[in-house]
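J.: Could you put together the complete structure from these sequences and hints?
Protein chains: 2
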Amino acid sequence: MAAEYHTVNPKKLLELTTSIFIKMGCSATDAALAAEVLQSADLRGIDSHGVARLSGYVRLWKADRINAKANPKIIHETATTATLDGDSGLGLTNAAKAMDIAIEKAKKYGSGWVAIQNSNHFGIAGYHAMKALKHDMIGMSLTNASPLVSPTFSKERLLGTNPICYAIPAGKCEPVVIDMATSAAANGKLEIAKRKNEPIPSGWLQDKKGSISNNPDDLKGGGSLLTLGSTKEMGSHKGYGLSAFVDIFSGVLSGANYGPWVPPFVSFLPLAPDMPGKGIGHFVGAMRVDGFRPIEEFKSNMDQWIHRFKSSQTIEGQEKVIIPGEPEIEMFKERTSSGIPLIDAVYQDLQTLSNELDVQFTI
Amino acid sequence: MAAEYHTVNPKKLLELTTSIFIKMGCSATDAALAAEVLQSADLRGIDSHGVARLSGYVRLWKADRINAKANPKIIHETATTATLDGDSGLGLTNAAKAMDIAIEKAKKYGSGWVAIQNSNHFGIAGYHAMKALKHDMIGMSLTNASPLVSPTFSKERLLGTNPICYAIPAGKCEPVVIDMATSAAANGKLEIAKRKNEPIPSGWLQDKKGSISNNPDDLKGGGSLLTLGSTKEMGSHKGYGLSAFVDIFSGVLSGANYGPWVPPFVSFLPLAPDMPGKGIGHFVGAMRVDGFRPIEEFKSNMDQWIHRFKSSQTIEGQEKVIIPGEPEIEMFKERTSSGIPLIDAVYQDLQTLSNELDVQFTI
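Heads up: the sequence lines are chains A and B, in that order.
Per the working numbering, the first sequence starts with residue 1, numbered consecutively.
Per the working numbering, the second sequence starts with residue 1, numbered consecutively.
Since the hints were made in silico from the structure, they are not lab data.
One or more hints might be untrue.
One copy or any two copies: either way a pair holds, since identical chains are not told apart in the list.
What the hints assert, rightly or not - Pairs of lysine to aspartate or glutamate, DMTMM-like flavour, derived with a Cα cap of 25 Å:
1. K108 - D290
2. K278 - E297
3. K107 - E77
4. K73 - E104
5. K310 - D274
6. K208 - E319
7. K155 - E326
8. K73 - D290
9. K232 - E316
10. K134 - E174
11. K108 - E296
12. K172 - D303
T.: Below is the structure:
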């Protein structure tokens, strides 16, 4: 029996991932960038968005839905805004390149905003937004995704888990990074429950008729995830509004697909007929903090904000208050030094991929 | 016995409100603008943010916390960013003026973003963001507010109901306007339950020890509102993250107060000691749609988005899917033609105010 987890060296895993992207036809630069984006998820503990997705990207490439040799181009532009055509390439690289454009615009004009069309899954939102931090900028990233979520009152899947990310620099403290799906629970949580053969709590999922479901299998059976808020009474229309904002900024503003037309991540599902746009869409941006006030003043106030929230009185028996991004930073430190634990299924998957693409499996 | 509601003519109510602001010392222009912002709430059915708040503004002015003769000034600026010192003035006018600055910047550079410090309650977020629509721009507005909400795991009030608003133009359809508090329920919903002597559902409020409460009086008793998501399991940390984003953009980026230091709306509560900033803070912005793609293409896709969501299959026995902003537009049309229904308490309040300030009560 294989061990449940295989703890691997981050550097070796990065090399393997890069080699696989190169075998897909990516340039050495693009392959290294794509591998870095995936690894940032594994290091930050967002296992669902790291190398666990690699075989998905390869299958989309084999199905001719990902162009590994993409040459993204700016197709519309003002001083502080632009739209990038991602040339059907990896979202991992398209969004990172778009963020570089946004940062350059922000250096000159205070802020920069780039919508991306004709793209694919971009990995974790956090990677892209956090690129702004080393420039003392606030970063933002959004993406739409294949439809799994119903708006309030509906039983149809019209929205993705459409994440929102804001990365905000601090002083001596770690930055605040808010990176969240706009559904009540991400798909990964359902998969964990399924693996453990456990029911899920009421409020994450509805079945195909729209009744609250505790059975994670109901998602595959035509059900849908619920928006943040879960029920109308608890504010699910707010989660729906946030998801709509992400879909419109990522899909409609860029000229990508939106709503139920967003292409599926899995290659065996067909594309929707009559797609109104190109590929999936993202939206990224950067703002210079010193466009608003001197950076040292801001950083000192951010540190005070963080200290005040961290020292908040907690409810008896509960954990201490967490700063957005704090658990991911802890995980990053731990995994950078101790290695990345891959579940056996992902480890086997990487081995199979390596054989298929004739890459040496050395992790 | 007085009637429960008094339906009043919008034009007459606007004149009365303007006269009261003039008596506070506002210029004719500022008074008319402030009255218009308040009336936009009453017309859109957001009764908690309309003239029901007018006596609150007057009391803050009497307590020397609102400067009716404020002269807001830009204190920091780049091509597309600025910070406005609101000179302790009405947030109603400060945020509207900041939005004008953002729109001017967007006309020149594609986008514009203004943080506002040293301000007060700004009315409904929607008014400010929607100013962008007639310029074919997307508008955004945020504000922090006095602390009533606890972050996940805490029993302390560290955040306001901190609203987020995005206003997005469409073509033949009405614009999409997402305007939402980041708490599970707004304070107004608790007040309605209290008036009806009804319990509130689990998930809106916790008591001072942090236990879920169904008694709306527990808010005054030291309890706190819960963030969108209500419980950790249902994603309350996401609501907390969103509220944190609003607080940091509005308060920390502008140099206003933030977290537990945000000044209270009610004049009888003291200011927090050792306030780190000035007044309360807002953040507004505008982006030209044609900074990303031709406006007609965008509008046509927005109309398709709206039609697709409106025609979504609904769950048996549920209402049809609502487009964000749709109920407010319906209400606006109805009240513009049929008048604004004021509850008796608000009507009496306006009468008292008029007497106090020697304004003719003609509504």
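J.: Now tell me, hint by hint, if it's right for this structure.
T.: Status of the hints after comparison with the structure:
1. K108 - D290: both (12 Å within a copy, 20 Å between copies)
2. K278 - E297: So K278 and E297 pass the 25 Å test across copies only (13 Å; inside, 43 Å).
3. K107 - E77: This pair counts as both: shortest intra-copy Cα distance 16 Å, inter-copy 13 Å.
4. K73 - E104: within (16 Å within a copy, 28 Å between copies)
5. K310 - D274: Answer is between; shortest inter-copy Cα gap is 18 Å, intra-copy 50 Å.
6. K208 - E319: Between copies only: 17 Å across chains, 36 Å inside a chain, cut-off 25 Å.
7. K155 - E326: So K155 and E326 pass the 25 Å test across copies only (20 Å; inside, 35 Å).
8. K73 - D290: between (30 Å within a copy, 17 Å between copies)
9. K232 - E316: between (29 Å within a copy, 15 Å between copies)
10. K134 - E174: Within one copy only: 12 Å inside, 41 Å across.
11. K108 - E296: within (20 Å within a copy, 29 Å between copies)
12. K172 - D303: within (7 Å within a copy, 47 Å between copies)
Every hint, counting from the list given before, is met by this structure.
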